[in-house]
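Sequence lines, in order, name chains A and B.
All residue numbers for the first sequence refer to my numbering, where the first residue is 1 and numbers rise by one.
All residue numbers for the second sequence refer to my numbering, where the first residue is 1 and numbers rise by one.
Keep in mind that a hint or two might mislead.
[What the hints assert, rightly or not] Derived pair list, reagent style BS3-like, types lysine-lysine, alpha-carbon separation capped at 27 Å:
| id | chain 1 | residue 1 | chain 2 | residue 2 |
| --- | --- | --- | --- | --- |
| 1 | A | Lys23 | A | Lys49 |
| 2 | A | Lys2 | A | Lys25 |
| 3 | A | Lys49 | B | Lys20 |
| 4 | B | Lys20 | A | Lys2 |
| 5 | A | Lys154 | A | Lys231 |
| 6 | A | Lys142 | A | Lys25 |
The set of hints was computed from the structure by calculation and includes no laboratory data.
One letter stands for each residue in the lines below.
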Amino acid sequence: MKAPRFAYARPANVAEALALLDKHKDEARVLAGGQSLVPMMNFRVAAPKVLVDINRIAALTGIKVSKNHLRIGALTRQVELERSADIARHLPLIAAAMPHVAHPAIRNRGTFGGSCALGDPAAELPACALALGATFVVAGKKGERRIAAEDFFKGLYATALKPGELLVAAEFPLPKPSYASAFGELARRHGDYAMVGVAAHGSRKGGKFSDMRVAFFGVGDRPQRASGFEKALEGQSAVDGALARLDTDLAPRADLHASAAMKLHLAKVLAARVLRELAA
Amino acid sequence: MNAPLETVEIEITVNGERVKRSVPARLNLADFLRIELELTGTHVGCEHGVCGACTVRVDGEIVRGCLMFAAQADGCTVDTIEGLSDTREIEELQSAFVLTNALQCGFCTPGVLMAAQALLRDEPNPSRERIREYLSGNYCRCTGYQAIVDAIEAVAKARAARSK
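Excised from the complex, chain A in its bound form:
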């Protein structure tokens, strides 16, 4: 199992990367952390003719806090998210999710942007971006555009990124004081992709749920919010009365790990657990 032949390019900046992507069109793939793309190449599921290695583009790295936003550069390693004091302080949902993302040796290479641009429906970071209302910043030949997380994930390994575009960062609104978050995931083995996962964020002002954003992953072809469940939580002090709404919000598909009915059951058990933790 070795990667098929390809040509390797290492642009020094975003402009060079975009020029390469434009020149080689759909024969090129962006190589970020490579922790999903390289296995796919080794399996010969992916066989790009050209790899555009963005790992030396310094402008794509780092976590920056401004007045209203926290910006995560696409090339920021998952280990940096795990260790960042800014993430722990402002986006504790992501801090809670990181230990569930694969294993230490993978997180040392794997990137925030790579995980989001891949669009794996069972991945943690896309669900966090959705729950936290992030906006993705994408660069292309014609300049930058911004895409809300809701509109970014389009399906199984499908995103709103167009050919020739490069994900450069995501901007997260800084949560207001009464807001809290919680994260949970069920996997057969620590670090595996989730059978079911929940990322929840919202207000607990006066001991009641409000403005909840609850994103499920591992249950559909993309991370998805449970809108009926979120509405039913509004103004409630406890989660229990709202759980039945998940029967209609979610339509899990059976996979190697579990039947559809088992996934729905696990989703409800996990949602209750996560929302109780958020309320505590």
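Dock chain B against chain A, hints included.
Using the frame of chain A, we list chain B on its own:
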């Protein structure tokens, strides 16, 4: 470097020694170490990032050697199990593995030692649960994990006792 190339010139510091080679772009770091440099302590198991047998250090942090191309390590410092063994950095871990019988076939052992050393460097006194969690990315298919966890825990405790 900008134009895409199928053969890439690289310069890497491996276990303290500078090496310069011309390599196919598709050659992964684990195969480069094994085939080109004959450092066969880095093992190749699953070749898709699951088993951890190919774990090496790049610029001080453990990575999967099968999920990184040698071309990407250009200009980097790479440490393999041979390097950590020669510098005696993992001497205590090696002794503890022998004492607790933490290996049978030994296929996973280099990767496990690389991971264990990274854990103890960052967290000198991990719980057994934490050791298991950290090593969840390293498969052992014959010894089982009990003795491996025993060995790592013993080293952590010995180091903690000495630093008191």
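To see whether the hints hold, each was checked on the structure:
1. A:Lys23 x A:Lys49: Between A:Lys23 and A:Lys49 the Cα gap is close to 12 Å, so the pair holds against 27 Å.
2. A:Lys2 x A:Lys25: holds (24 Å)
3. A:Lys49 x B:Lys20: holds (25 Å)
4. B:Lys20 x A:Lys2: holds (23 Å)
5. A:Lys154 x A:Lys231: The given pair, whose Cα atoms are some 23 Å apart, holds under the 27 Å limit.
6. A:Lys142 x A:Lys25: holds (15 Å)
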